[in-house]
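The whole structure should be built from the sequences, with the hints applied where relevant.
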Amino acid sequence: MTAPKTLYDKIWDAHLVHEAEDGTSLIYIDRHLVHEVTSPQAFEGLRMAGRTVRAPDKTIAVPDHNVPTTLDRAGGITNEESRIQVEALDSNAAEFGVHYYPVSDVRQGIVHIVGPEQGWTLPGMTVVCGDSHTATHGAFGALAHGIGTSEVEHVLATQTLIQSKSKNMKVEITGTLPPGVTAKDITLTVIGRTGTAGGTGHVIEYCGEAIRALSMEGRMTVCNMAIEGGARAGLIAPDEKTFEYIKGRPHAPKGAQWETALAWWKTLFSDEDAHWDKVITIDASEIAPVVTWGTSPEDVLPITGTVPAPEDFTGGKVEAARRALDYMGLTPGTPLSEVEIDTVFIGSCTNGRIEDLRAVADVLKGKKIKEGLRAMIVPGSGLVRAQAEEEGLAEIFQQAGFEWRLAGCSMCLAMNPDQLAPGERCASTSNRNFEGRQGYKGRTHLMSPAMAAAAALTGRLTDVREMN
Amino acid sequence: MQKFTTLTGIAAPMPQINVDTDMIIPKQFLKTIKRTGLGVNLFDEMRFDRDGNENPDFVLNKPQYRDAEILVAGENFGCGSSREHAPWAIRDFGISCVIAPSFADIFYNNCFKNGILPIALPQEQVDILMKDAEKGANARMTVDLETQEITTSDGEVIRFEVDAFKKHCLLNGLDDIGLTLEKAAAIDSFEARQGQARPWV
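Quick mapping for you: the protein sequence lines, in order, are chains A and B. Under my numbering, the first residue of the first sequence carries the number 4, and numbering increases by one thereafter. Under my numbering, the first residue of the second sequence carries the number 7, and numbering increases by one thereafter.
Just so you know, not all the hints are guaranteed correct.
To be verified - Derived EDC-like pairs: lysine to aspartate or glutamate, alpha-carbon spacing no greater than 20 Å straight-line:
no., chain 1, residue 1, chain 2, residue 2
1, B, K172, A, D242
2, A, K168, B, D169
3, A, K373, A, E398
4, B, K189, A, D16
5, B, K40, A, E47
6, B, K40, A, E84
No wet-lab data here; the hints were simulated from the structure.
Here you go:
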């Protein structure tokens, strides 16, 4: 009889190549996703040392951070540094023979949207990428986390990673979500509750009725922001929804291999008596549509709340809140629903999938955005864009007054020309509200796609439940 | 990789909590395809205004801290993105030790790959070091990785913990990839086993 294990324990054990006496372990990596920003120095390192990519068939590259999202991008990238970085990925992918989706490919998109879409991400796998939002892939019951460029080089050269095991944390969302409350509200509420360091040193497994009820895309939104809670990774045990989502995707197993895979995938859950180092339980019925008010993803409040005062906090957070309020240009006591915005950004690896766009279209249908607002929708991949056009969503967006863009990371981190100007305030479906994140002195309020759409209609932070 | 053994230097106090990697190195500097030269852009949006003028209130712009080699910081230092440009910028500026109550995981790991020693200590001990750092350029701290001790300018000694393997690599400037490739046979046999059990991978 073996000791009961968590899902994380099971995936870890299945990928252990070597374990030293002190617990330092060598873990095999099944999928290595690569983008243009964190990989050029790693490929250069390989070249300098005369090394090759050990498993090019398990390495998938796609440019996303720097690419323009305007319709004229086939004409090339104007910013020289961005262009050089994307060209470096073009040539590194060719030189080292890894799978590649160039800017011109309809399958190009944000790396964390492309991986699941193409069936690269599968349950029980280890997945890494030089990007902290790799946590997204945990929605499939894959152990997925971000790594630095030195580790990117290490994985390219050895297909392994040197790791110490993290602790196990369970986040259980019981019951049923009220109407108007989404996966984004769950994940932000968890971070608001635990803080941005609440998951440090842990791998989070999300479970409970409300998580089970989420679609695969909703689960990706939840796991995506595990990193904002400080966790090494976020996981959700695979179930029939997971298998259904994967089946038939280009790189999913087929035929007899599908059956073998399925048999193993069905063993991927945490055993009843497994040990948890930390447990958080939240009742779904208590979760409201939320927005962030400050410059840390933990600065979360229900839309019905008011801007807090520094004195509402303790310790280092008092000064942090004072700084955040000053940066955000907000006065304590102001109802959040009175905060006016200039810009709406819908997209990112958190909320750039088809269901997100459907939720936006539901709110926008037949309506116009507030005059004078800048509003853009950036689909997560070329295929999401194509599907949204096929379903007639793109028409709704454009008629409402949104710009309808090509796929990329865009204003989530503003490495491409999509940026906020100083002082501009944005309702954003992205994942980080850090100072300067969406542009120098830009102000970000994080929220769900439906909430961002509602804000676009009124020109202020708005409770989506009040929209008809 | 650069070694870290002992360091005696000026420590800059930065008590702010949740210093994220976007603050450490804003995204406009991630477009480089090199590892070097990022020190001038460290904390760019806090250090300089839009026209490139220094913000005199920012700690690393103060005369006594311009040559700081140690940073004493608030909790959850390095949260956010996985960008290794953050430790590259810190190292390039001349800082090779960061002391804080806690660090974000990815940043913490990235430091060790770049000759930077991140030290996590209980808040009370960080408070002692923060006070010491606030004394300015004459108060030099010593950090000794071998003995795992920090000595304040007053001679007070604070012990710290560090993973034995990471310590070994940092003390000797060892290249991880070289070490792992010594285990190539174990990787080969893992791949063979996995090829049998999970051929779809």
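We went through each hint and held it up to the structure:
1. B:K172 / A:D242: Measuring from Cα to Cα gives roughly 38 Å; hence the hint is violated.
2. A:K168 / B:D169: holds (12 Å)
3. A:K373 / A:E398: holds (18 Å)
4. B:K189 / A:D16: holds (18 Å)
5. B:K40 / A:E47: Status holds; Cα separation ~9 Å.
6. B:K40 / A:E84: Judged against 20 Å, a Cα distance of about 12 Å means the pair holds.
Figure legend: structure checked against the earlier numbered hints; the only hint not met is number 1.
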